[in-house]
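**Student:** Sequence:
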Amino acid sequence: MSGEEEGTRHTPANPLGATDRERRIVRTSVLGIVANVLLAIFKAAVGLLSSSIAITLDAVNNLSDALSSVITILGTRLAAKPADKEHPLGYGRVEYLSATVIAVIVLYAGVTSAAESVKKIVSPEAPDYSVAALAVVAAGIAVKLALGRHVKRVGEDTSSDSLVASGTDALSDAILSASTLGAALLYLACGVSLEAWVGALISGFIVKAGCEMLRDTLGQILGERVTTEVTDEVKDIAGAQPGVLGVYDLILHSYGPERLVGSLHVEVPDDMDATRIDELTRCVQQAVYLRTDGKVIIEAVGVYARSGDAGVEEVRRGVEKIVRAHEHVLQLHGFHLDGEKHLMTFDVVVSFDAPDRQGEFDQILSEVRVAYPQYRVYATLDTDVSVSE
18 MSGEEEGTRH
28 TPANPLGATD
38 RERRIVRTSV
48 LGIVANVLLA
58 IFKAAVGLLS
68 SSIAITLDAV
78 NNLSDALSSV
88 ITILGTRLAA
98 KPADKEHPLG
108 YGRVEYLSAT
118 VIAVIVLYAG
128 VTSAAESVKK
138 IVSPEAPDYS
148 VAALAVVAAG
158 IAVKLALGRH
168 VKRVGEDTSS
178 DSLVASGTDA
188 LSDAILSAST
198 LGAALLYLAC
208 GVSLEAWVGA
218 LISGFIVKAG
228 CEMLRDTLGQ
238 ILGERVTTEV
248 TDEVKDIAGA
258 QPGVLGVYDL
268 ILHSYGPERL
278 VGSLHVEVPD
288 DMDATRIDEL
298 TRCVQQAVYL
308 RTDGKVIIEA
318 VGVYARSGDA
328 GVEEVRRGVE
338 KIVRAHEHVL
348 QLHGFHLDGE
358 KHLMTFDVVV
368 SFDAPDRQGE
378 FDQILSEVRV
388 AYPQYRVYAT
398 LDTDVSVSE
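So the sequence shown is numbered by the numbering used here: it starts at 18 and just counts up by one.
Source of the hints: derived by calculation from the structure; they are not laboratory data. Honestly, I wouldn't trust all of these hints.
Below are the DSS-like pairs computed for lysine-lysine, each with C-alpha atoms no more than 30 angstroms apart in a straight line [as the list claims (entries may be wrong)]:
1) K136 with K225
2) K98 with K169
3) K102 with K312
4) K98 with K312
5) K338 with K358
6) K169 with K225
7) K312 with K169
Go ahead and model the full structure; you've got the sequences and the hints to work with.
**Tutor:** Dropping the structure here:
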């Protein structure tokens, strides 16, 4: 292992890149605050002067979007704090909390807007539109479209869930503002007022967006499955190291958009000595860390030994044939056979799609024991955490 690699092990993930990410998120959020506050001022004035509940609710929605951007900035700043004794893996998960707060704000705005719309449906007021009012709404649509696309793109580039949520919300706002403009034009053309109903429609979409955002962020806090692209990349990197015959049991825990920490098992020849295994596990950790730009840290590398004995390999193939005959089996690994002790052990990964995972596993174990009565068979039902086959 080179000196350069040794010196970079478990250092903070790409400090320059993290700073650039933070700057981009803050700069984009400030842009969102300025744009939304200006839109809210103009729309509130137009809504009050024209007695338009839909335009007034649009203004309130813009203010909630501005507040969301403020929370995004605070969350990003807090998440960037260096690790300390109380939080040795950093504060990255603060971003998930800030995204949750934003979702709650959006949901609250939708519910209160719905209540106001219902009041206007029960006690309607005739709106009074002007060319200036319609021009403000049209300008707001254009601004929201441009802002939404930009914010969402930056959010995807920086892996910021808060920005992605804000950008998606802005694009939805543009569509809803277009419906407000349509209602105004219909009133001017036909004298039919759909103001309150359009306000209710806008409220419904806002509530829906808030619920979806809350569902996504709570899922991240609970712990979601890491994407196949990431797990496959880590397995490919580890599997490419000399001496590795297979990579299994990869578990990654998210400590923020830029930090995944976990463990894995590698399968190696059973004649590999402890010194070589020690070197290999260090190489696996280093390679994963460096090639993922410090975003993935493998804290522990377990070892499975594969026998080169032809008789053992024949039994392994027989067991694998039995196991693979079951529909929901994703993987068999960690196979070990001790002839002297007449002991057989292995792990089986059964998909979450199986109607009865434990029942299918018990059936597999029973079939293997019947096929190989000369061995005491012990197996482990592994969780489908990152298997992609």
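**Student:** Go through the numbered hints given earlier and state which of them the structure violates, listing their numbers in rising order.
**Tutor:** none
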